[in-house]
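Those protein sequence lines, which keep their order, are chains S and W. All residue numbers for the first sequence refer to my numbering, where the first residue is 1 and numbers rise by one. All residue numbers for the second sequence refer to my numbering, where the first residue is 1001 and numbers rise by one.
It cannot be assumed that every hint is accurate.
[Claimed, not checked] Far from chain S, by Cβ distances over 12 Å, these chain W residues were calculated:
1) P1070
2) T1072
3) E1129
4) T1255
5) P1278
[As the list claims (entries may be wrong)] Across the chosen pairs, the derived CB separations fall in these ranges:
6) W/R1048 <-> S/Q57: 32 to 42 Å
7) W/L1208 <-> S/P38: 46 to 56 Å
8) W/F1100 <-> S/D13: 35 to 45 Å
9) S/T80 <-> W/G1400: 46 to 56 Å
10) W/E1038 <-> S/D66: 34 to 44 Å
11) S/R58 <-> W/T1025: 28 to 38 Å
12) S/Q59 <-> W/L1225: 54 to 64 Å
13) S/A68 <-> W/P1128: 12 to 22 Å
14) S/L47 <-> W/I1201: 21 to 31 Å
15) S/V37 <-> W/D1096: 40 to 50 Å
16) W/C1227 <-> S/D13: 25 to 35 Å
[Stated by the list, open to error] Covered by chain W, according to a simulated footprint, are these stretches of chain S (three or more residues, beta-carbon under 8 Å):
17) 35-42
18) 69-83
Simulated from the structure, these hints should not be mistaken for laboratory data. Glycine included, each C-beta is placed from N, C-alpha and C at the ideal position.
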Amino acid sequence: MSEAVQEPLSLEDLVTVLRESAGEDEEVDLSGDIADVPFSDLGYDSLALLETAGRVQRQYGIVLDDEAMAAAETPRLFLTAVNEVLCGAASNAG
Amino acid sequence: MTGKAVVTGLGVIAPNGVGTKEYWTALLRGHSGIRPIERFDPSGYPTRLAGEVPEDAFSAADHVPRRLLPQTDRVTRMALAATDWAFADAAVDPADLPDFEMGVATANSAGGYEFGQRELQNLWGSGPEYVSAYQSFAWFYAVNTGQISIRNGLRGPSAALVTEQAGGLDALGHSRRSIRKGTALMVSGAMDSSLCPWGWIAHQSTGLLSTRPDPEQAYLPFSELACGHLPGEGGAILVLEEAGRVRDRIARGATTQVYGEIAGYAATFDPPPDSDRPDTLRRAAELALADAGAEPGEVDVVFADAAGNPAADEAEARALRELFGERGVPVAAPKALTGRLGSGGAALDVATALLSLRDQVIPPAGPVTAAADRHGIDLVVGAPRSARLRTALVLARGHGGFNSALVLRTPA
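With the rest of the complex left out, here is chain S (with noise of 0.2 Å):
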């Protein structure tokens, strides 16, 4: 359990999650330079990204902040708040 809580949540990991949970907006490339662009533009709001969020804590077993994560309006922003929770569980569980 504490292996799989140690490795960081990647880019290419969140637009998996983002894809299963939210689909995908047919007019937005999400294999491209995404990290930066606003949730908003690329099609998903505020319910879109609380199933992301459920996704995350589900498949790593942590617990996220839900205003932390209402505040993350880029990827970029969201994979800082998740990776944060992620090493602080990972030293915990060290």
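Could you slot chain W onto chain S? The hints should help.
Using the frame of chain S, we list chain W on its own:
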């Protein structure tokens, strides 16, 4: 501004045909959509047949944007696709109209049942953190109205009506009122789908389902062999517009059609089952005819509720005899080829009635062959019947005492 509401676009999803043309062709040929359930294993249930839309006839991924798939039940995917088809049929691009001049009022009787079942299984099988955030709305009766509104930018007066089968007419009656009050365009009608184990149990609980195993014999409204009904999935979405607006549009070169006017509408509610007072289906029909300024003698065809239970069939036949006289008007029951689609069924009947008005032909009641003589009604059976059709009356009864009636007229 005439304030008249006319139908200019149809989007149909039925067990025996996906798409208006496919459905209408199937009806006139008597092709049935009643079949053994494939969506789940029905072997443990007393009723194993339904009007199921085959997966290969409606594959949601072909019709609904990928982004909407994770947040929609099958019923909403059907509603979104049928809305697209209805707009295309009406030659209307909603992007060309001001948001607040277009509304949407649909009926629904079960919500997103399959979605709801899956999330309840997640809740009780895995835990609350496994429940989709989209469950917050995806199961809900208003979800079709909401998703149609968001996807097409329809921000005018909107509503969701829940009166079981009668809802398909109630939504259209409501939309007609919105157009009278000045809304230019309404998306209306109904879609229902609850063919999952949880939905199936709910249907069984009514005690009204047929348990006969032969698809040709299971749902025979008005027949001497009637023994209950079969549920199905699907319905129709219609584009309603203010008649003057359509005239202007056509004058400017739009290639649309006017299927007909929603000329009258009324709804009634039955007294409790133990009451001495009579049911109120006839009253609904009378009020709708009065609303249309029409005499019973002007009605050229009635699309019946067609419950498929002997007592309910007789109650409807009695209302028809009292209104029109013994065998006084042709009666259509195309539901025999689709099953009862909840609120979608009445909306589909309206679409069917409009196609009948267009083509001057009444579709047959599918497998019903035993004459409805004992009911004293002129049920159209066997083959399509050509007739001069200007005015149609559509009846619907919703489980729990709802009655609605809608009068359609050919365009002037």
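Q. So which of the earlier hints does this model not fit?
A. 1, 2, 3, 11, 15, 16, 17, 18
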